[in-house]
Amino acid sequence: MTQDADRPTPSPSCPIPGGGARRRDVLSTVIVGAGCVGACALAYPFLDSLNGTKNTSLGEDDSIDVDIAALRPGQQLVVTWRGWPVFIQKRTPEMLASLKTADIVQRLRDPDSKILQQPKDATNWHRSVVPEIGVLIGICTHLGCVPSYATPSPNDKSGKYSCPCHGSQFDVAGRVYKDAPAPYNLPVPPVTMLSATHVRIGQSKGDPAFSIASIQQI
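If you're matching positions, the sequence shown starts at 1 in our numbering and goes up one per residue.
Hints listed in this document are in silico derivations from the structure and should not be mistaken for laboratory results.
Treat each hint with caution, since some may be false.
To be verified - Just the calculated beta-carbon pair ranges, DEER-fashion: (1) Q216 - H166: 35 to 41 Å; (2) W125 - S211: 34 to 40 Å; (3) N155 - Q217: 30 to 36 Å; (4) W125 - G167: 33 to 39 Å; (5) N124 - A209: 30 to 36 Å; (6) P93 - H198: 21 to 27 Å; (7) K178 - A97: 20 to 26 Å; (8) R72 - W125: 22 to 28 Å.
The beta-carbon is built from N, C-alpha and C at its ideal position, and this holds for glycine as well.
I would like the entire structure built from these sequences, with the hints used as guidance.
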């Protein structure tokens, strides 16, 4: 009879010495591994959201078409593009006139939009493709709060934006006032006017090479 024959056969009620420790090690490894996979799966969308922009260099088209037929003068509607709120205004003649008022212009940090915060076809006094329709990304350039829109009133026909977090002020073209925490004008996305009642956000007919990732800050 060999030595192996004399050795007792392990049974379920008699675990192999050290086997429990090995099983615990394997179990711990599996749990830790699963936790890492889960954490990475949760972290990726969060980190990706911090990036803020999608890669359009591979031909990805994330543009949206918006019907603005129901938009009345002085009103704005809010849509979502790339996860950002986008303000679309229908400007009144008084709103447009206010953008050229010397009293307002001299109080602005970047009245001529010299800092890259918009496509070329929106680098003008009204910061839009056509003066009557304004399109802005509604994120304050200070710490990312969403500014509120003050519609024109009998006492103030110009309208404006105010950041509820730290008090930054913007005119209806999204130009930031001096002595405010926000360092830059509100971003203008690429826009194409498909018709008088339809706007495409995400593509600029006048500046097709423009990328929102190239602006100074969003």
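Point to revise | Hint check for W125 and R72 - Cβ pair distance inside 22 to 28 Å | key: holds, 23 Å
Practice item. Using the beta carbons of N155 and Q217, state whether their distance is inside 30 to 36 Å or not. Key: Because 32 Å falls inside the window, the suggested range holds.
Review point. Falls inside 21 to 27 Å, the C-beta gap from P93 to H198?
Key: Cβ of P93 to Cβ of H198: about 22 Å, so the range 21 to 27 Å holds.
Exercise for review: With 20 to 26 Å as the target window, see if K178 and A97 comply at their CB atoms.
Suggested key: Distance hint for K178, A97 holds at roughly 21 Å.
Exercise for review: Determine whether the Cβ-Cβ distance between N124 and A209 falls within the hinted range of 30 to 36 Å.
Suggested key: violated, 18 Å
Exercise for review: Given the hint of 35 to 41 Å, check if Q216 and H166 actually sit that far apart at their C-beta atoms.
Suggested key: violated, 19 Å
Review point. Cβ-Cβ distance between W125 and S211: within 34 to 40 Å?
Key: violated, 24 Å
Exercise for review: Starting from the range 33 to 39 Å, see whether the pair W125 and G167 falls in it by beta-carbon distance.
Suggested key: Check failed, 25 Å falls outside 33 to 39 Å.
Going through the hint list in order, the structure does not satisfy hints 1, 2, 4 and 5.
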